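Participant: Just so you know, the sequences run in chain order A and B.
Under the UniProt record's numbering, residue 554 is the last one in the first sequence; the count climbs by one each step, no gaps.
Under the UniProt record's numbering, residue 554 is the last one in the second sequence; the count climbs by one each step, no gaps.
Keep in mind that the hints were calculated from the coordinates and are not lab data.
Please read all numbers here as calculations on a predicted model, not as lab measurements.
Just so it is clear, CB atoms sit at the ideal spot from N, CA and C, and this is done for glycine as well.
Be careful, since some hints might not be right.
[To be verified] DSS-like mimics (lysine-lysine), calculated; alpha carbons at most 30 Å apart, straight line: (1) A/88 with A/108; (2) A/534 with B/516; (3) B/106 with A/540.
[To be verified] Incomplete in silico selection of chain A near chain B, CB under 10 Å: (4) 338; (5) 358; (6) 359; (7) 391; (8) 469; (9) 531; (10) 534; (11) 538; (12) 543.
Number of protein chains: 2
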Amino acid sequence: MASKKDKLKIIPLGGLGEIGKNMTAIEYEDEILIIDCGLSFPEEEMLGVDIVIPDITYLLKNKDKVKGIVITHGHEDHIGALPYVLKKINVPVYGSRLTVGLIENKLKGFKMKNAHVERVKPRQKIQLGAFKVEFISTSHSIPDAFALSVETPAGIVFHTGDFRIDYTPIDDQIIDLDKIAEIGRKGVLVMLADSTNAERPGTTRSEKSVGDTFDEIFSSRKSRIIIATFASHVHRIQQIVNSCVKYNRKVVFAGRSMLTVGAVAQDLGVLNIPEGITITEKEMDDYPDEEVVVVVTGSQGEPMAALPRMASDEHRTLDVRSGDTVVFSSTPIPGNEKLVGKVMNLLYDRGAEVIYDKLYDVHTSGHACQEELKLMHRLVKPQYFIPVHGEVRHLRQHGLLAEELGMPKENIFVGETGDIMEFSKESAKVIGKITSGQVLVDGLGVGDVGNIVLRDRKHLAEDGLMIVVVTIKRENRKVMAGPDIISRGFVYVRESESLMSEAKDVVSKALVSCEKQNTKEWSVIKGAIRDQLKGFLYEKTKRRPMILPIIMEV
Amino acid sequence: MASKKDKLKIIPLGGLGEIGKNMTAIEYEDEILIIDCGLSFPEEEMLGVDIVIPDITYLLKNKDKVKGIVITHGHEDHIGALPYVLKKINVPVYGSRLTVGLIENKLKGFKMKNAHVERVKPRQKIQLGAFKVEFISTSHSIPDAFALSVETPAGIVFHTGDFRIDYTPIDDQIIDLDKIAEIGRKGVLVMLADSTNAERPGTTRSEKSVGDTFDEIFSSRKSRIIIATFASHVHRIQQIVNSCVKYNRKVVFAGRSMLTVGAVAQDLGVLNIPEGITITEKEMDDYPDEEVVVVVTGSQGEPMAALPRMASDEHRTLDVRSGDTVVFSSTPIPGNEKLVGKVMNLLYDRGAEVIYDKLYDVHTSGHACQEELKLMHRLVKPQYFIPVHGEVRHLRQHGLLAEELGMPKENIFVGETGDIMEFSKESAKVIGKITSGQVLVDGLGVGDVGNIVLRDRKHLAEDGLMIVVVTIKRENRKVMAGPDIISRGFVYVRESESLMSEAKDVVSKALVSCEKQNTKEWSVIKGAIRDQLKGFLYEKTKRRPMILPIIMEV
């Protein structure tokens with residue numbers, strides 16, 4: 001039997017069965033290390049919710065055990081929950097140059113000055129309690145991304161982070177295959193690996209190939225070129241800048257996150273823009289169209305971002321004109337296809353040429369496809385494997401891929417958020433479940449929007465509401481005023497006056513019948529109004545608005 | 001100059017700049033022919049709306065001119081608005097065997113008995129006023145699809161309908177290339193052609209190849225096989241039945257539309273199911289898993305359809321069990337990706353094997369890709385061209401394709417719904433615009449849900465509402481009861497009692513200050529309550545619920 005000293009636990013707090021809010025706890029004896037601390041964006045049915053963060057009940061219960069948080073890279077689904085989590089558990093945070101730059105920038109926005117955020121270098125090792133963490137360079141759609149090797153007395157845990165394999169990256173930071181091989185040679189107990197593209201055969205194209213497409217577009221267009229991409233995709237932006245230099249164009253940056261991330265990346269030397277290349281929106285008018293490139297946010301069709309606002313002519317300073325070339329250097333994230341399509345159509349309406357990934361190679365994914373995953377498995381050669389960073393179907397496909405490579409099925413753990421997985425060299429199993437899940441953030445409220453509130457929002461959204469107010473004399477229960485009826489989101493009232501006056505009659509009748517039966521309970525009277533009105537409205541309109549009867553006593 | 005006799009007008013009433021509600025009017029002198037009469041499904045922001053139909057104001061104004069409606073095929077985006085339109089303009093409707101079967105079935109649901117719906121055969125010609133319409137077989141994802149050749153004194157209009165080219169279709173009804181070539185030889189004035197897949201290079205695979213994949217799956221699985229597909233894709237269903245016969249499996253059909261469309265298709269001989277193959281849901285238990293196939297609706301993830309309900313264990317009689325093989329014989333329509341993904345994940349959670357188009361060739365499109373479109377253009381050789389059936393970007397791509405084939409740019413009309421396009425052999429131009437657009441149908445209401453109602457629904461959906469009621473004495477404006485506050489969809493009240501009582505104080509203060517200023521106007525008092533409360537709530541929560549102040553007078 002393995003003793004307690006030979007075992008470690010891995011507990012995913014997010015990121016399994018979803019793409020978003022990545023967070024994993026590694027527990028050895030009475031110490032916990034956290035990897036990543038991300039947010040996710042609300043599902044369609046989470047009406048009005050701004051962001052979603054992991055439920056950290058378990059960590060709060062074990063607050064004193066937590067030694068620190070190590071971050072793989074600076075995307076929101078890996079750092080976005082930090083302000084919320086650090087408010088409750090103030091432990092040190094470690095990440096790469098750009099990751100730390102983005103975290104510090106984010107914490108500033110939350111006015112959090114007490115946080116301890118520390119920059120580490122590739123191949124640097126830090127000791128956090130029982131955990132010796134080594135940071136290993138990888139390639140991803142943001143610079144300075146790390147895989148992590150976590151040495152514990154029970155064995156090594158290897159976490160790929162979000163990664164792909166790019167033999168010709170834009171910076172010199174090539175994925176550290178040498179180090180990964182070395183760790184694999186030492187023997188890895190458990191590997192956690194990115195599953196986002198586990199369904200996709202083959203390999204991703206090099207980021208460099210996108211630069212070639214930019215060159216092709218820049219050299220063949222005499223028009224203004226507007227490029228939408230992810231603000232955090234600094235290498236993509238670097239390539240745009242490089243093409244600008246090559247083809248003698250000036251570049252304008254627009255969109256809040258484009259400007260802030262750009263500033264952080266430039267300060268850190270991650271993004272290199274030669275002097276005299278950047279111009280302001282105003283200066284743009286001094287240059288002919290063929291000498292201008294505009295780099296904007298909104299490649300996912302987000303209604304408040306720069307490009308969508310330009311497309312619908314709602315941007316304060318920028319527009320899209322007939323003859324412009326607009327490039328979507330991105331791919332729609334599942335769920336955003338319609339939004340993106342809508343923006344494209346608006347751009348076409350304005351007479352722009354629209355270039356996107358179906359027509360040109362203007363994007364490549366930041367996540368490893370099947371052949372790249374296989375290389376990672378072959379190098380790391382873990383004893384156990386947990387596919388992470390994916391919906392259930394991605395995790396399953398990644399599990400199948402590991403099986404195909406010869407890994408025994410019982411060593412593959414397609415788990416769920418909240419699983420307590422226990423590993424030792426002798427055995428591994430899921431030994432239980434912690435409280436976990438999602439916490440909805442709406443405005444300043446963290447967790448105060450739950451199922452009841454969402455159910456009501458959904459009901460209101462679908463059929464609107466009808467409020468019935470009546471004032472009743474306390475002593476004799478006589479109606480003193482009303483019933484008045486107010487509706488919102490139900491029908492256009494001016495066209496439905498007769499419906500409204502009939503509805504009033506229905507309520508009045510319900511009140512009379514309650515009076516006759518000498519009903520005294522407000523709740524019963526309200527129930528009668530609601531039921532009568534509901535039946536009447538459904539018959540007349542086949543709709544079911546929320547009905548809110550309000551009785552005032554005087 | 002061309003005289004009036006040499007000109008005809010084409011007016012798209014829907015289907016341009018959108019995929020849905022296809023409807024086109026052809027006008028020659030004082031006669032109008034309508035092609036198709038479809039619905040579209042609501043956009044995400046059309047909260048609570050059931051379906052969308054074309055605005056037919058123009059046709060209602062010219063009611064007496066309308067000679068008839070010819071239908072290309074039986075999909076909802078081509079026939080779905082018929083019950084609404086025929087109620088207002090009762091003209092004869094013509095379509096193929098299956099098309100008419102589906103229309104009759106639909107009209108029955110609306111209890112419309114007066115409609116004149118007539119079946120026509122391939123190559124049949126009918127005369128409707130000045131229009132001689134010939135019906136020409138094509139291939140699509142529903143059997144019995146037609147292209148239309150409309151001969152008018154001003155020239156021939158050729159409408160492809162929704163089409164693809166399949167040299168080995170499931171029935172013998174091969175696209176009538178011969179007839180299309182003949183019409184092309186006669187000289188076509190204007191062609192309207194399907195643009196859905198104008199972005200996709202190459203050709204579609206034959207429907208037959210999907211049957212081969214079914215054979216492969218059926219022969220290699222010992223499990224129950226559940227297949228989700230479109231109910232109207234009768235050839236797909238025919239192939240499932242064929243594979244059942246081959247591999248000795250029984251088939252169960254489930255889902256309302258699957259049963260109704262199946263019944264119509266079987267009655268008409270379009271779907272051929274040998275006796276003894278179909279079993280009921282109950283009989284299924286008498287057979288071992290390896291002898292059962294279940295064909296269901298819900299391939300688009302529609303929450304109320306059979307498969308999604310089975311996946312979330314909410315189906316009355318059917319379930320998904322560990323070991324089942326579930327096939328999505330479909331592709332998500334843009335906008336449905338997330339819904340479909342969610343159902344897949346639930347199926348994986350239940351331990352099913354999930355097969356979909358990324359993994360197997362279980363689907364092929366019903367719309368022509370670029371090489372097929374080129375063939376159509378080469379055969380029809382129209383003088384003018386209107387790309388139809390597509391969002392703006394599809395129409396543009398189709399226009400570019402025509403240009404590449406050598407058509408002069410000025411002969412290509414990438415138009416919008418409502419354009420009045422006038423054509424003659426001498427010239428063609430857009431000469432104006434009619435009232436057109438969308439009419440929203442919500443329950444029994446046709447057109448009573450407009451922008452105000454939708455704006456309110458959106459507001460309610462995002463931040464919920466807060467109702468403030470106060471009863472005031474008419475004579476002296478003293479508060480008799482209240483203020484009471486009721487909220488829905490805003491915060492979970494039990495956790496926010498203090499917020500609610502503070503909100504009451506804010507309202508009371510606003511009332512006192514109105515009293516002090518001797519304000520008499522209800523609207524001013526309401527405005528004061530709204531503004532004060534709005535500011536307070538935004539400061540406290542960063543949310544903006546709809547605030548409804550109600551004042552009752554006694």
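Participant: Evaluate each hint against the coordinates.
Facilitator: Now the hints, each set against the structure:
The suggested pairing of residue 88 of chain A with residue 108 of chain A holds, with an alpha-carbon distance near 17 Å, which does not exceed 30 Å. Using a Cα cut-off of 30 Å, the hinted pair residue 534 of chain A and residue 516 of chain B is violated, with the two alpha carbons roughly 41 Å apart. Restraint check: the Cα-Cα separation between residue 106 of chain B and residue 540 of chain A comes to about 22 Å, which is no more than 30 Å; the hinted pair holds. Taken as an interface hint, residue 338 of chain A checks out: its beta carbon lies about 4 Å from the nearest beta carbon of chain B, inside 10 Å.
Restraint check, residue 358 of chain A versus chain B: the minimum CB separation of about 5 Å is within 10 Å; hint holds. Interface restraint check for residue 359 of chain A: the shortest CB-CB distance to chain B comes to about 7 Å, inside 10 Å, so the restraint holds. With 10 Å as the threshold, the beta carbon of residue 391 of chain A comes within range of chain B, its nearest partner Cβ sitting at about 5 Å, so the hint holds. Interface hint status for residue 469 of chain A: upheld, as the beta-carbon distance to the closest one in chain B is roughly 5 Å, under 10 Å.
At about 18 Å, the closest approach between the beta carbon of residue 531 of chain A and any beta carbon in chain B exceeds 10 Å, and the interface hint on this residue is violated. At its closest, the beta carbon of residue 534 of chain A sits 13 Å from a beta carbon of chain B; the interface hint therefore is violated under the 10 Å criterion. Given the 10 Å rule on beta carbons, the hint for residue 538 of chain A holds: about 8 Å separates it from the nearest Cβ of chain B. The beta carbon of residue 543 of chain A comes within 4 Å of a beta carbon in chain B, closer than 10 Å, and the hint placing it at the interface holds.
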